[in-house]
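Assemble the complex: chain R is given as a structure, and chains P and C must be docked to it using the hints.
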Amino acid sequence: MKEITRAAIAIVVVCIILFGVNKYLNQSSGNASSDTLTIFNWGEYIDPDLISQFEEESGYRVVYETFDSNEAMMTKIEQGGTSYDIAVPSEYAIEKMKENDLLQEIDHSKIPNLSNIDPYFLDLAFDPKNKYSIPYFWGTVGVVFNPSLLDGQTFDSWESLWDPSLEGEVLLVDGAREIIGMGLNSLGYSLNSTDEKELLEATAKLKELTPNVKAIIGDEVTQLMINEEASVAITFSGQAADMMWENEGLDYSVPEEGSNLWFDNMVIPKTAANVEGAHEFINFMLDAEVAAQNADYVGYSIPNTAAIELMDEEVTSDERFYPLEEARENLEVYKNLGLEMLGKYNELFLEFKMSAN
Amino acid sequence: MQTKTTKAFYLIPYYVWIVLFVVAPIALIAYYSFFDLSGNFTLDNYQNFFTSVYLKLTLSSFWYAFLITFFTLLIAYPTAYLLTKTRHKQLWLLLIIIPSWINLLLKTYAFIGIFGLYGPVNAFLNVFGLEETQILFTDFSFVFVSVYIFIPFMILPIFNSLDKLNPSLMDASRDLGASSWTTFSKVILPLTINGVKAGIQAVFIPSLSLFMITRLIAGNKVITLGTAIEQQFLVTQNWGMGSTIAVFLIIFMVIIMIITGQRDKGAYANGKNK
Amino acid sequence: MEKTSKSAKFYLALVFIVLYTPILYLIFYSFNSGGNMNNFESFTWEHYSAVFSDTRLIMILLNTVIVALLSALIATIVGVFGSIGIVFMRNKSLRRSILSLNNVLIVSPDVVIGASFLILFTAIGVKLGFASVLISHIAFSIPIVVLMVLPKLQDMNSTLIDAAADLGASKRDILTRVIIPFVKPGIFAGFFMALTYSLDDFAVTFFVTGNGFSTLSVEIYSMARTGITLTINALSGIIFIVTLVLVVGYYFVSQRGKNPVGMGVRK
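Residue numbers (the UniProt record's numbering), protein chains in the order written: chain R, 1 to 357; chain P, 1 to 274; chain C, 1 to 267.
Check the hints yourself; a few may be wrong.
Said to hold, decoys possible - So the derived label-pair ranges between C-beta atoms look like this:
no. : chain 1 : residue 1 : chain 2 : residue 2 : range
1   : P       : Asn126    : R       : Gly188    : 41 to 49 Å
2   : C       : Asn91     : R       : Pro211    : 52 to 60 Å
3   : R       : Gly80     : C       : Phe252    : 48 to 56 Å
4   : R       : Ser115    : P       : Val53     : 45 to 53 Å
5   : R       : Ser115    : C       : Leu244    : 55 to 63 Å
6   : C       : Leu94     : P       : Tyr31     : 21 to 29 Å
7   : C       : Asn157    : R       : Gly80     : 48 to 56 Å
8   : R       : Lys23     : C       : Asn91     : 42 to 50 Å
9   : P       : Asn126    : R       : Ser355    : 27 to 35 Å
10  : P       : Ile12     : R       : Ile17     : 25 to 33 Å
11  : C       : Ser49     : R       : Met341    : 46 to 54 Å
I should point out that these hints are in silico values taken from the structure, not numbers from a laboratory.
Think of the CB as a built atom: it goes at the ideal place given N, C-alpha and C, for glycine as much as any other residue.
Chain R on its own, in the form it takes in the complex (with noise of 0.2 Å):
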């Protein structure tokens, strides 16, 4: 009895020591302001730096969380509890939270840097007139393969993928829409579609690949495509150049057919406490500068035109990852379908997984 006693009395200390430090640490490193700055985004999406400067410059303690999925992110504005004053939301995401109302409208005055946005970028069906949200960083959803475990293909059609000599060598993204979609694309249907016919024919296509795939899988994809475990991945831009800039060997490809085209915008939730705050972090965000050495930093693709002046040629005038707007032309939005639609979506391809064993 009297060791378990000690050893309560030992880990009491322990947390109070700890929790001592905790506090010093807390006092010098933020600045004594009060006034928060709420920020809800993915992890390593954003250069710290950058909130270091915005710090400085703004007066604001910038307090930073971070989520893993949109899903995940709207439950939990949703539930409230903590009032996030700015989340970085993907377009569909977008449109969910406008429909719950969930945002409160950006006023765009206080958004002079809103004119270095590229306009192809804003005004676009999920959020007509950006009332809602400021485009961050954007991207397609494409093919990225190894040409050196390849025998030449190309995947400049989606078609590409159920060649035989693929067997075992597909990583598939898991998520209902990238996949089903990827199926509709095939067909030459709308990415988007609602049609059950279409849906079916998809899905029957879709279970035709199952023997070229090797997994159905995350963001683990990164590490499989850089290690050479695999030839062939359907990802997002932004992963495929993170996965380009560690092996250089890998290439990226936008199928004709159509692929899907997305954004991750800021919005401020209708919870924000500091409204203010938020729309100072958007201008900011926004600068020619700051932009630029944020996509440095995180290596997607960025809307600001004014910043992409500013970064090595090389990488902006790389066609796979800023495809040129005749290019785009094929690429769709995810629209919000609706949950009916959405369910009907995921138990296709839970079907779709179900058949890959």
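Same frame as chain R, now just chains P and C:
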């Protein structure tokens, strides 16, 4: 032994916990399970569960949970037994637990590297002239990594019940001419059965709802009930269906508890104390 | 103590090698200047210096340790008393139902637990942050403590308590001098498993945290999309070495002047 009042005193936190963090969430889940996407009362979710997809899921979940528990026990029992025979056994036991304190996602990424085509395992096989084989995304890698995760949960209770075993019992058994197997099955195992049962519960039950590993190590070729629930809650946002699967998961758990539970005659304090 | 045979030693060594391989793999790559876990380019300490210059990361680490230790401690206390209560329960079906309820949180997927705790906390009005995370960790660690303590309690010989009672021991004495010392290994097992649960949890913490409070797991999981940095590997390496030193050090310190076998197995 105790009067009602003193008993109640130290049990208060436990009961508060049960009410707030167990009963309340169960009630919530049960409640949600009767609603469809548009918030209407329905029994459809329950009906849906009995379609082929979910039944197949349930069966495969149980099969993998069984495999995982079986192999964990197979490896953990001898380990626990041998650990009790070492000097500094408490230290060795702690060393079994320490790896589990390093973040699981990181260890999983390490396994992706280790099992990779160009990873150390395949390099090792190469030495013996074997070709590179696909280890990742197979049933083998899935079961292996799961066993890896659960092994301390099985070793600890078994170790604890073996440790108190009176060595003279084994000597006596041996002196009486029993073979090692007889000694094990007639003397050691019955005396450690409580530890084994606790270990099985601590492994089998969570195996049913394994989540991340199914994607990272099995490449979604294994889908468990847990995966299905997480999908319903997060991706489809169909809390009704997700809750329904969760209700079934809880029912399965109760059944497992009854099967592996105490045969009540052995339960302590039954009638023994006034 | 009988000597362990060669094959026994080999078996144990194999188990330990397998248990430690992934961790050594992580640590190996924490010295990689290449910045990823694939090709080892050349040796560097840069990821370690990155850990120490990142105050935010260190604060998150401290939070993680505080939550883990405190939640495991409190969960152990509650769980031990809970299991004593369960064992002494005379009503069979009541005991069974309580045990089933006890395990509900073990079988529930993290997302479900996290979401329902979040609903609970916002309904009661608990401010999200340190307190809500601590309470949640205590909550999901209690069942594993009960599972670890229960078998020891069931193994306890009832004559022991009767004897103590006959000798005039008070209820308090019976608890502190008979029951607790006997189930001590179970208590330690429960505590360590609770630590494991707490350190590993991502989903529940994610849902119930707020106001800038974060733990290591939440940080690591949310990095997955853009790639986990080797700083995290280096940090894990440091954690691992420190834990190892602490555990081995504590063991040998507590061994001095005590009986040679077992940290408090017997007393």
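Results of checking the hints against the structure:
The hinted window of 41 to 49 Å between P:Asn126 and R:Gly188 holds, with their beta carbons roughly 45 Å apart. One distance hint, 52 to 60 Å for the beta-carbon pair C:Asn91 and R:Pro211, holds here, with the actual separation near 58 Å. Checked against the hint of 48 to 56 Å, the pair R:Gly80 and C:Phe252 passes, with Cβ atoms roughly 51 Å apart. Against the hinted window of 45 to 53 Å, the Cβ-Cβ separation of R:Ser115 and P:Val53 comes to about 51 Å, which satisfies the hint.
Range check, R:Ser115 to C:Leu244: Cβ separation about 56 Å, and the 55 to 63 Å hint holds. Between C:Leu94 and P:Tyr31 the beta carbon distance is about 24 Å. The supplied range of 21 to 29 Å therefore holds. Between C:Asn157 and R:Gly80 the beta carbon distance is about 53 Å. The supplied range of 48 to 56 Å therefore holds. At about 48 Å, the beta-carbon gap between R:Lys23 and C:Asn91 stays in the expected band of 42 to 50 Å.
In this structure the supplied range 27 to 35 Å holds for P:Asn126 paired with R:Ser355, their Cβ-Cβ distance being about 33 Å. A beta carbon spacing of about 30 Å between P:Ile12 and R:Ile17 agrees with the range 25 to 33 Å that was offered as a hint. A hinted range of 46 to 54 Å for the beta carbons of C:Ser49 and R:Met341 is consistent with their spacing of about 51 Å.
Of the hints listed earlier, there is not a single one the structure fails to meet.
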